[in-house]
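2 protein chains.
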Amino acid sequence: MTKLPHDHGEHPEDIIPLFENGEHFLMLSELFRQFSDGNRIRLFWILCHCEECVINLSAMMNMSSPAISHHLKQLKSAGLITGRRNGKEVYYRAADTPVVKALHDAIRELSELSCPGGCLIPEEKK
Amino acid sequence: MTKLPHDHGEHPEDIIPLFENGEHFLMLSELFRQFSDGNRIRLFWILCHCEECVINLSAMMNMSSPAISHHLKQLKSAGLITGRRNGKEVYYRAADTPVVKALHDAIRELSELSCPGGCLIPEEKK
DNA sequence: TAAACAATTAAACAATCGTTTAATTGTTAT
DNA sequence: ATAACAATTAAACGATTGTTTAATTGTTTA
Chain A
-14 MTKLPHDHGE HPEDIIPLFE NGEHFLMLSE LFRQFSDGNR IRLFWILCHC EECVINLSAM
46 MNMSSPAISH HLKQLKSAGL ITGRRNGKEV YYRAADTPVV KALHDAIREL SELSCPGGCL
106 IPEEKK
Chain B
-14 MTKLPHDHGE HPEDIIPLFE NGEHFLMLSE LFRQFSDGNR IRLFWILCHC EECVINLSAM
46 MNMSSPAISH HLKQLKSAGL ITGRRNGKEV YYRAADTPVV KALHDAIREL SELSCPGGCL
106 IPEEKK
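As given, the protein sequences belong to chains A and B, one line each in that order.
In terms of this note's numbering, the first sequence is residues -14 to 111.
In terms of this note's numbering, the second sequence is residues -14 to 111.
Careful: at least some of the hints might be erroneous.
Unchecked claim - Now the in silico label distances, taken between C-beta atoms and shown as ranges:
{"hint": "1", "chain 1": "A", "residue 1": "L11", "chain 2": "B", "residue 2": "G102", "range": "13 to 23 Å"}
{"hint": "2", "chain 1": "B", "residue 1": "K61", "chain 2": "A", "residue 2": "H(-9)", "range": "38 to 48 Å"}
{"hint": "3", "chain 1": "B", "residue 1": "H(-9)", "chain 2": "A", "residue 2": "S62", "range": "21 to 31 Å"}
{"hint": "4", "chain 1": "B", "residue 1": "R93", "chain 2": "A", "residue 2": "A52", "range": "29 to 39 Å"}
As the list claims (entries may be wrong) - Output of the computed footprint for chain B on chain A, the stretches with three or more beta carbons under 8 Å from beta carbons of chain B:
{"hint": "5", "stretch": "10 to 18"}
{"hint": "6", "stretch": "32 to 42"}
{"hint": "7", "stretch": "48 to 59"}
Since the hints were made in silico from the structure, they are not lab data.
Just so we're clear, the structure is a prediction, and the values are computed from it rather than from any experiment.
Each residue gets a CB set at the ideal place from its N, CA and C atoms; glycine is no exception.
Construct the entire structure; sequences and hints are all you get.
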């Protein structure tokens, strides 16, 4: 255990080692960073509930397709969505992984807490 | 229901309204943004498990106190931590709210998924 | 009061981020 | 091949972010 400048008489021994693994938190932050932009959460949330092409996503989000492409690329390289080409179009949807499920549930829970009974309508109905 | 450029024959009617409430996702993104920085997640995680002064947090995180103060200010204005002055020092800890509990659990779950049985040691022992 | 320590604030800086516009690649149909 | 459409990439831009250094505000003690 590293000695701290001030001794406030707390810190059970087994908590100290926790404070040293910075890389792990960096890894987590790369996940959370995906949702630090409102448009990107919304895009992810849409793709949790349907599979769509870029043009339609642009229309839903009221954004240009390069902008959508840019966000899709980030979500994809974070492993949160997948894309499959079908003819001229590429269909995107949320990846089927435990991390994606956990993030979906976190969004739903935080939504429910900050806007009880309300903002994410389709989820509540089930 | 707004008509989309391409009709892929999906989208049950009750999913459509969901795609229009952008402000709600913006609100969520302000929460997630707090954790888009590795140092800030780590700081929050520490403060979920103990109450500490800025000097000790600086030592734990190996960062300057202005840098720590800066992150504390953000976490505080997001409602995630509280601070109380005691003499020359100010002690910070995680706020006691449902949102904080949900975020704590999300961090723990994502940690467990990406590093099974391992990285956040003290939490696993209970 | 003055000195010492804790914490915050201010100013400056490089780095990152989200969006736009324009150009490019990939695919299908004529 | 050519034209039309979907999607991505590239370059540029303003805006935001995290850190540093220096100055300032609070509080205690000598």
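(request) Identify every previously stated hint that the structure contradicts and give their numbers, smallest first. (result) 2 and 7
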